[in-house]
Amino acid sequence: MENEQRSGPVTGGEDLIEAKGITKRFGDILANDNVDLVIKQGEIHALLGENGAGKSTLVKILYGALEPGAGEILWKGKRVSISNPAAARKLGVGMVFQHFSLFEALSVVENIALALPKGEKIEALSRRITEVSQKYGLPLDPAALVADLPVGIRQRIEIVRCLLQNPSLIIMDEPTSVLTPQEADQLFITLQRLASEGCAILYISHRLEEVKKICHNATIMRHGRVVGGCDPAEETPASLARMMVGGDVHDISAGAIEAQPGDVMLKLRNLSIPSDGAFGIELKDVNLDLRGGEIVAVAGIAANGQSELFDAISGETQVKDAYAVEICGVPVGKRKINDRRLLGSAFVPEERLGHGAVPGFVLSDNILLTRYKTEPSLIKHGMLNQKLATEMEKRITVSYDVRMSHDNPEARSLSGGNLQKFVVGRELDRVPKVLVINQPTWGVDAGAAALIRQAIIDLARGGSAVLVISQDLDEIYELSDRIAVISRGELSVAEPASEMTREKIGLLMAGMGEGKSASPAAKAGETHAH
Amino acid sequence: MSDLSMIEAVLLTIITASTPLLLAAIGELVVERSGVLNLGVEGMMIVGAVMGFAATQATGSPYIGIVAAMISGVAMSLLFGFLTLNLMANQVATGLALTILGLGLSGMVGEAFIGQPGISLKPIAIPVLSGIPFIGPLLFNQDVLVYASYGLVIAVYFVLFRSRTGLIIRAVGDNHGSAHSLGYSVIQVRYLAVMFGGACSGLAGAYLSLIYTPQWVEGMTAGRGWIALALVVFASWRPARVLIGAYLFGAVSILQFHAQAAGIGLPTQLMSALPYLATIIVLIMISRNKTLAKVNTPACLGKPFVPDR
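Going down the list, the protein sequences come from chains A and B.
All residue numbers for the first sequence refer to the working numbering, where the first residue is 1 and numbers rise by one.
All residue numbers for the second sequence refer to the working numbering, where the first residue is 1001 and numbers rise by one.
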């Protein structure tokens, strides 16, 4: 990898696209305020900023999905108006979305055909897809149904779809968030090859290490404005983060004391659940012991059984074998969520809006929904104790720094990061003995992420057991004492974080672990299970 | 020989009973594939029936009646389209309202025609083929709407699954957000699909008032629009299965009459329920593959599309 990094023309490329004074307003919020951006031919240009800094608005304007309120766009020196995505594609702008824009019920070739001008026969296009995908090291089966494909492959479809349009500029929004480290490296090689062929890439990522590794140039945004540019190679991830946040991101301290694991609080024994239909994942023989005082992280690429595992532990899915899930020594496989909460456990699902909180309910009502059983005083003579719920809402929003426009708003009016702080705060406020949290800081900016992670560590140091399910390896290393990897519904043995290198995790993610037979610890536990 | 002609007569009535269901269902299939749930099939059908009858009486030509029925079906569907696609009204409520409106409107328009003898559409014999014994009269001596129903099933299959137009319709029904971001006009595609559905429902109505019983009777659709809607779902949005479902329903509903007449010792209520039971059971069995069912179900069915800007 080393010698391939940052190859291609860094200087000397002509200006490909220039955005001048782009301004876009949504209601009272100025999402883009007089933004300037220049991308040269053949450069990989990073666009950095926290959530809500205005990156996606700018990108949507460049791709024609939004119209700018003011400002102009120059393409190869000429003024253009990009009124819709089709116009952008015609100019030569391709986009790889963070949330895929694929049609699950259609095949790979059908998905790609929809993005191309009409006239090409499906058979001819299939051949072309195979050709291009092999040329760039992104193998694809044109006839496969998207619904059956894992996320990494779906991203390939988006990239190949983009490449078939012979773009001069490719916009990529958080492309590596769904990839294993190895897949990401493969992607970097593809991107460098494209850049060396003269294609420009606008690269949006929260992962500053990779920006430093592959980008020639960076533009940094904060609060809708461009606050600076730099050569990422001359910066450190910390200095890049400082520019994004506009101050120091406070460091997380794991605490002076090493984790002192206590009793087993959460035990999974041969937990197997058949998949629930076409798009589900089957859980296969999952084993885990989670002790008080420790944080165990489950790493893995999206859609490898994380949500199935979460649902089985939280009680959203009940299992036939009551002993497959034990919380604080009680077999709960057949019990419902509130019964599990009563044993001292708390759950934070991945999807905060709609799953973790009811969008149209005010925060205090959302507190009532998850805590009325564990907090008996919330129900007085069969009636809801709104007063207490509102007091709890105040306590939680203050101690977890939830920023709101007014007191006790509807859940949907909070930004993603603030809602996540609220949902996490609501559960941690109970000081649960077992916490299971799925994607604690997904789509949350650095400041809020640090606060949430610190709260998780503090909880564990207080003697609780914490299971973190995450796709962010940096977060996993920051938080966990032990790491297990989930791949196609199978969970590897949780091993000390210090022994789990990125390479090892990457191999396990790709399903290339040593196999279950090599895990005597998990097997030995079985005999005591029943 | 008389046995054979008896069987032939039964089969002919089965075709007659099945055709309106097939026409309405194949149209609704396209509508739903584009992601729109139009529960107003019954209403569009009965307006088609009365307008087809009225135009035929006025001009003396059943063919003009057919065209009038299609136009009135499309007009009803445009009303639905405007309310749900432009004004984002709830599709279920609007569809129900469309049915109620259609039943009322047809009763009002049709009052003058009650009891009038209608002009029936004559079958068209296809030369040579209609001469084949037994099969000939059944398949090749039919009226234009029966031929049209077969043609539509084949055409819908090819357009939906073999053409770019169909690919776009399915894409819009599967993920309207993505289709929009690729630059397709979701609203336009849905309008066209809804109009096609309206035209097909109009045809189904015309079949009832021009061929099935060539006269106007208030409420003559008798719930066929609802059966067509159910057929689309149980056929998991596949044209060939809609054909099977429609004919199965038609066949069992005719055969149970004959069985009742022959005095089979089953309660008549059970016999009358048979077509529903048989069709549902058979279609559930063909579409029991969960994976395929999930893939065939339009993911955006019934969801209003609100563009970003």
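The reader is advised that the hints may include incorrect statements.
Listed next, with one range per pair, are the computed distances between beta-carbon atoms [stated by the list, open to error]:
id, chain 1, residue 1, chain 2, residue 2, range
1, B, P1267, A, S413, 51 to 61 Å
2, A, G354, B, A1293, 17 to 27 Å
3, A, G27, B, L1087, 33 to 43 Å
4, B, Y1150, A, S413, 51 to 61 Å
5, B, I1114, A, G27, 37 to 47 Å
6, B, A1058, A, V358, 52 to 62 Å
7, A, G354, B, A1262, 53 to 63 Å
8, A, V358, B, V1306, 46 to 56 Å
9, B, A1293, A, R242, 21 to 31 Å
10, B, V1306, A, S413, 35 to 45 Å
Hints are computed from structural coordinates only; laboratory data are not their basis.
In this text, a Cβ means the ideal position worked out from N, Cα and C, and glycines have one as well.
Tested hints:
no.: 1; hint: P1267(B) with S413(A): 51 to 61 Å; verdict: holds, 59 Å
no.: 2; hint: G354(A) with A1293(B): 17 to 27 Å; verdict: holds, 24 Å
no.: 3; hint: G27(A) with L1087(B): 33 to 43 Å; verdict: violated, 23 Å
no.: 4; hint: Y1150(B) with S413(A): 51 to 61 Å; verdict: holds, 55 Å
no.: 5; hint: I1114(B) with G27(A): 37 to 47 Å; verdict: violated, 58 Å
no.: 6; hint: A1058(B) with V358(A): 52 to 62 Å; verdict: holds, 57 Å
no.: 7; hint: G354(A) with A1262(B): 53 to 63 Å; verdict: holds, 57 Å
no.: 8; hint: V358(A) with V1306(B): 46 to 56 Å; verdict: violated, 21 Å
no.: 9; hint: A1293(B) with R242(A): 21 to 31 Å; verdict: violated, 53 Å
no.: 10; hint: V1306(B) with S413(A): 35 to 45 Å; verdict: violated, 18 Å
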